[in-house]
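There are 2 protein chains.
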Amino acid sequence: MKAVGVVVEYNPFHNGHLYHIQKAKELTDADIVVAVMSGPFLQRGEPALVSKWSRAEMALENGIDLIVELPYSFATQHAAVFAAGSVEILQSLGCDFLCFGSESGDITEFSHMFNQLQEKQVEEDLLVKESIKKGMSYPKAKSLAIQELTNIDKTLGLDLSMPNNILGYEYYKAVHTNNYPIEVCTVARMKADYHDKIFTSDTIASATSIRQELVNKQGSLKTIEPFLPPASFYLLQKYEETYQTYHTWENYWGYLKFRILQSTAKELATIYEMEEGLEYRFLKYVKEASSFEEYIRLLKTKRYTWTRLQRICVHILTNAKKEEMLAQSKPAYMRLLGTTENGRFYLKEKKKQFSLPIISKLSAFDIEKIALDIRASQIYALGAAASVQEQLLNMDYAQPPIMK
Amino acid sequence: MKAVGVVVEYNPFHNGHLYHIQKAKELTDADIVVAVMSGPFLQRGEPALVSKWSRAEMALENGIDLIVELPYSFATQHAAVFAAGSVEILQSLGCDFLCFGSESGDITEFSHMFNQLQEKQVEEDLLVKESIKKGMSYPKAKSLAIQELTNIDKTLGLDLSMPNNILGYEYYKAVHTNNYPIEVCTVARMKADYHDKIFTSDTIASATSIRQELVNKQGSLKTIEPFLPPASFYLLQKYEETYQTYHTWENYWGYLKFRILQSTAKELATIYEMEEGLEYRFLKYVKEASSFEEYIRLLKTKRYTWTRLQRICVHILTNAKKEEMLAQSKPAYMRLLGTTENGRFYLKEKKKQFSLPIISKLSAFDIEKIALDIRASQIYALGAAASVQEQLLNMDYAQPPIMK
Chain C
2 MKAVGVVVEY NPFHNGHLYH IQKAKELTDA DIVVAVMSGP FLQRGEPALV
52 SKWSRAEMAL ENGIDLIVEL PYSFATQHAA VFAAGSVEIL QSLGCDFLCF
102 GSESGDITEF SHMFNQLQEK QVEEDLLVKE SIKKGMSYPK AKSLAIQELT
152 NIDKTLGLDL SMPNNILGYE YYKAVHTNNY PIEVCTVARM KADYHDKIFT
202 SDTIASATSI RQELVNKQGS LKTIEPFLPP ASFYLLQKYE ETYQTYHTWE
252 NYWGYLKFRI LQSTAKELAT IYEMEEGLEY RFLKYVKEAS SFEEYIRLLK
302 TKRYTWTRLQ RICVHILTNA KKEEMLAQSK PAYMRLLGTT ENGRFYLKEK
352 KKQFSLPIIS KLSAFDIEKI ALDIRASQIY ALGAAASVQE QLLNMDYAQP
402 PIMK
Chain Y
2 MKAVGVVVEY NPFHNGHLYH IQKAKELTDA DIVVAVMSGP FLQRGEPALV
52 SKWSRAEMAL ENGIDLIVEL PYSFATQHAA VFAAGSVEIL QSLGCDFLCF
102 GSESGDITEF SHMFNQLQEK QVEEDLLVKE SIKKGMSYPK AKSLAIQELT
152 NIDKTLGLDL SMPNNILGYE YYKAVHTNNY PIEVCTVARM KADYHDKIFT
202 SDTIASATSI RQELVNKQGS LKTIEPFLPP ASFYLLQKYE ETYQTYHTWE
252 NYWGYLKFRI LQSTAKELAT IYEMEEGLEY RFLKYVKEAS SFEEYIRLLK
302 TKRYTWTRLQ RICVHILTNA KKEEMLAQSK PAYMRLLGTT ENGRFYLKEK
352 KKQFSLPIIS KLSAFDIEKI ALDIRASQIY ALGAAASVQE QLLNMDYAQP
402 PIMK
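Protein chains in written order, with our numbering: chain C, 2 to 405; chain Y, 2 to 405.
Keep in mind that the hints were calculated from the coordinates and are not lab data. Hints are not guaranteed to be accurate.
What follows is a set of in silico ranges between Cβ atoms, one per label pair, in the way DEER data are often shown [as the list claims (entries may be wrong)]: (1) Y:Leu-284 x C:Ala-81: 32 to 40 Å; (2) C:Glu-391 x Y:Lys-3: 53 to 61 Å; (3) Y:Glu-276 x C:Ser-210: 51 to 59 Å; (4) C:Glu-277 x Y:Lys-3: 51 to 59 Å; (5) C:Tyr-286 x Y:Ser-291: 27 to 35 Å; (6) Y:Thr-224 x C:Ala-387: 25 to 33 Å; (7) C:Tyr-281 x Y:Gln-23: 46 to 54 Å; (8) C:Thr-271 x Y:Lys-370: 21 to 29 Å; (9) Y:Val-216 x C:Ala-365: 44 to 52 Å.
Calculated Cβ distances over 10 Å to all of chain Y for the following chain C residues [said to hold, decoys possible]: (10) Asp-107; (11) Leu-161; (12) Tyr-235; (13) Phe-293.
Using 20 Å as the maximum straight-line C-alpha spacing, the simulated EDC-like pairs for lysine to aspartate or glutamate come out as follows [what the hints assert, rightly or not]: (14) Y:Lys-323 x C:Glu-268; (15) C:Lys-267 x Y:Asp-367; (16) C:Lys-288 x Y:Glu-391; (17) Y:Lys-285 x C:Asp-367; (18) Y:Lys-370 x C:Glu-268; (19) C:Lys-285 x Y:Asp-367; (20) C:Lys-301 x C:Glu-251; (21) Y:Lys-285 x C:Glu-369; (22) Y:Lys-130 x Y:Glu-120; (23) Y:Lys-3 x Y:Glu-184; (24) Y:Lys-288 x C:Glu-369; (25) C:Lys-285 x Y:Glu-391; (26) C:Lys-288 x Y:Glu-369; (27) C:Lys-267 x Y:Glu-325; (28) Y:Lys-288 x C:Glu-391; (29) C:Lys-323 x Y:Glu-268; (30) C:Lys-322 x Y:Glu-268; (31) C:Lys-267 x Y:Glu-324; (32) C:Lys-267 x Y:Glu-268; (33) Y:Lys-303 x Y:Glu-277; (34) Y:Lys-285 x C:Glu-391; (35) Y:Lys-267 x C:Glu-324; (36) C:Lys-135 x C:Glu-149; (37) C:Lys-370 x Y:Glu-268; (38) Y:Lys-267 x C:Glu-325; (39) C:Lys-285 x Y:Glu-369; (40) Y:Lys-322 x C:Glu-268.
Cβ coordinates follow ideal geometry from the N, Cα and C atoms, glycine included.
Working from the sequences, and respecting the hints, build out all of it.
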């Protein structure tokens with residue numbers, strides 16, 4: 002059995018994701034599609050709209066055969082760490098291919114850039130450091146450094162200002178730096194004006210615009226229905242009925258404010274990514290802000306991107322300390338969220354060759370090792386209405402992998 | 002000018018408190034009454050119904066001339082530490098008398114017990130330790146030890162099972178152990194069936210029963226009106242109008258739950274009074290409880306009293322760590338909450354002799370030293386409705402001492 006791996010967040014699962022899965026199968030001729038998905042908190046430093054279990058179900062209903070959780074300590078990180086953790090897991094799961102969506106859509110652009118840059122890592126790091134010293138943000142510094150280095154050669158077409166190209170480049174890099182036997186390929190992301198028999202501009206919308214509609218117009222979801230596969234649409238409605246909310250940062254603003262107000266600067270400085278005295282800034286503005294959005298707006302400077310500030314807020318919320326985050330340089334386990342029948346065949350056949358333990362039942366695993374993931378899920382649960390929190394709070398223990 | 006000092010919480014200020022102030026003046030013939038009052042969190046480990054500023058105003062309207070805040074690190078402690086801190090402050094303020102309310106009402110019972118017990122401290126401590134080892138709670142062990150030691154002499158009448166007798170004894174002890182030039186006297190507490198021209202059973206009710214009425218029947222306060230001085234009744238209503246709540250533990254339950262869920266056992270163990278592995282018990286039950294009351298009921302054992310558990314919860318809420326609490330063995334400052342004209346005369350006359358600095362304006366003082374008090378007030382503010390928190394959050398900086 003040949004497997005193609007995908008790295009996903011599915012926040013929420015929409016027609017663009019369906020297209021990606023179908024193209025990945027077409028391109029690779031793989032028998033099954035394996036996904037590694039962020040848990041409750043996402044790469045851009047925000048809570049997922051609905052729980053990982055609900056999102057895993059959407060995936061299994063739409064072509065994913067086996068889905069595992071990307072541990073918190075990789076899921077809530079900048080592109081390089083996020084990609085490195087994801088690739089480790091796909092490699093451990095025995096994937097033959099990795100297929101990612103990108104703005105580019107041309108894998109030769111990625112390989113070309115990788116070959117150009119791999120011998121210039123030291124120069125790149127130096128350039129990045131210099132720019133950061135001048136007050137530039139990390140992503141800007143990184144993209145500028147690559148631009149400078151590649152301009153010298155003037156041979157490269159890959160646009161690294163695009164978020165999915167950046168992630169894709171990091172996947173490519175992680176696979177090739179480790180010499181993993183995975184063939185990497187890419188699918189051009191569907192745009193709203195992209196024409197296709199099945200996927201027209203009437204059926205493709207970005208996850209961002211879908212989320213906005215969901216959060217702002219709860220109750221009347223007709224406007225987003227055309228952009229989602231039916232199972233995804235149904236599961237979103239069911240989630241909102243059960244937990245009386247879609248999770249957004251505003252659901253957690255009260256907790257975040259409380260936690261910052263009860264902290265000393267010294268204590269805040271132990272939180273992951275809280276660097277360069279940022280803790281004083283966090284303390285300074287917390288009393289003024291009346292919403293999460295206002296808080297980030299107050300915190301924002303040229304040097305610190307919105308995403309980075311949001312990620313720090315996630316770490317405050319989950320109490321993710323530097324030492325705890327840095328202790329995990331590579332994923333140490335794979336939490337199984339669900340499988341289709343096909344996925345179970347694959348598991349049976351390949352399980353013994355997996356290089357990381359796969360967790361189907363939390364109680365059978367060393368809880369200490371997975372503590373941060375459980376904590377993150379429990380904190381996530383507090384975003385639901387108080388009267389219905391209990392089920393969500395216990396889900397990491399009570400929920401077996403979903404079987405489709 | 003002669004001053005009599007009182008130690009109070011005024012939660013809320015009722016007719017029994019008014020009686021206490023009048024009797025204190027009568028007994029001592031003092032010119033002014035000076036009060037040291039707990040801030041946002043009280044000795045029994047719960048939030049005050051209304052802010053310290055509102056309670057200070059009630060006091061100034063009803064016979065108190067000068068009122069200062071008992072720092073958090075003494076206010077939220079068992080009787081001995083609470084009393085020691087309070088006495089230090091009254092001594093620093095130059096009080097000639099200390100007058101407390103007690104079930105006994107007879108100061109000779111206190112002096113007698115003190116004289117009997119002061120040479121038996123070592124024996125007392127040993128007996129207490131023994132009982133605690135057997136699983137008894139500290140207050141029970143203490144009262145049993147004293148009973149045993151005093152039974153030997155069979156000369157004492159003071160009933161140390163009564164909460165105000167215990168506190169009174171600790172005031173007496175703190176004054177005399179330090180040889181402070183303060184004359185200690187006591188007033189029998191008014192009971193509901195006590196007859197008096199002004200204070201009859203129709204006008205005296207316990208603070209506990211008044212609080213219950215306020216919290217359960219918000220909006221119709223007619224039932225409690227007879228038990229409160231008019232200014233107190235008015236200020237309570239005004240507070241509820243402004244902040245849309247009376248503060249009870251349930252207002253903070255969501256924050257407490259969040260904070261415990263985001264903590265490791267190791268981190269919880271750094272909280273003051275979290276001893277003997279109690280942190281595991283706190284973590285074990287937090288997911289089950291659907292209210293603060295239910296949580297304490299689940300935590301409760303023979304060994305740990307309701308009050309002690311509540312106090313630990315206050316410390317979790319304010320993030321009061323062992324090292325921070327133990328760093329203050331004696332009060333280091335006196336935060337001025339308000340004065341009458343009489344109080345201001347007294348301040349002018351005596352201020353230079355005060356042994357501790359008096360803080361009228363927070364910005365003129367070393368914020369680090371008073372950080373825990375400010376934090377406690379800010380966390381307290383989060384118990385009010387989100388839309389009206391800001392004023393309360395800034396009050397410690399914005400509010401000058403109240404002038405009547």
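Verify the proposed pairing of Lys-301 of chain C with Glu-251 of chain C, using a straight-line Cα cut of 20 Å.
Satisfied, since the Cα-Cα distance of roughly 17 Å is no more than 20 Å.
Under the criterion that the straight-line Cα-Cα distance not exceed 20 Å, is the pair Lys-285 of chain Y, Glu-391 of chain C satisfied?
With a Cα-Cα distance of about 14 Å, the restraint between Lys-285 of chain Y and Glu-391 of chain C holds, given a limit of 20 Å.
Given pair status - Glu-369 of chain C, Lys-288 of chain Y, alpha carbons within 20 Å:
Roughly 18 Å between the alpha carbons, so the hint for Lys-288 of chain Y and Glu-369 of chain C holds.
Given hint Asp-367 of chain Y paired with Lys-267 of chain C - CA-CA distance at most 20 Å:
17 Å, holds
Is 51 to 59 Å right for how far apart the beta carbons of Glu-276 of chain Y and Ser-210 of chain C are?
About 53 Å separates the Cβ atoms of Glu-276 of chain Y and Ser-210 of chain C, which means 51 to 59 Å holds.
Straight-line alpha-carbon gap Lys-267 of chain C to Glu-324 of chain Y, limit 20 Å:
OK: Lys-267 of chain C and Glu-324 of chain Y at ~14 Å, within 20 Å.
Cβ separation of Thr-271 of chain C and Lys-370 of chain Y, checked against the hinted range 21 to 29 Å:
23 Å, holds
Just tell me: holds or violated, for the beta carbon distance of Val-216 of chain Y and Ala-365 of chain C against 44 to 52 Å?
46 Å, holds
If you check the beta carbons of Tyr-286 of chain C and Ser-291 of chain Y, does the distance land in 27 to 35 Å?
34 Å, holds
If you draw a straight line from the CA of Lys-288 of chain C to the CA of Glu-391 of chain Y, is it 20 Å or shorter?
Given pair Lys-288 of chain C, Glu-391 of chain Y holds - Cα atoms ~7 Å apart, limit 20 Å.
Can we trust that Asp-107 of chain C is non-interface, i.e. its beta-carbon lies farther than 10 Å from all of chain Y?
Correct as stated: the minimum Cβ-Cβ distance to chain Y is 44 Å, above 10 Å.
What's the verdict on Lys-323 of chain C and Glu-268 of chain Y, does the C-alpha distance respect the 20 Å limit or exceed it?
14 Å, holds
Checked against the numbered hints above, the structure breaks none of them.
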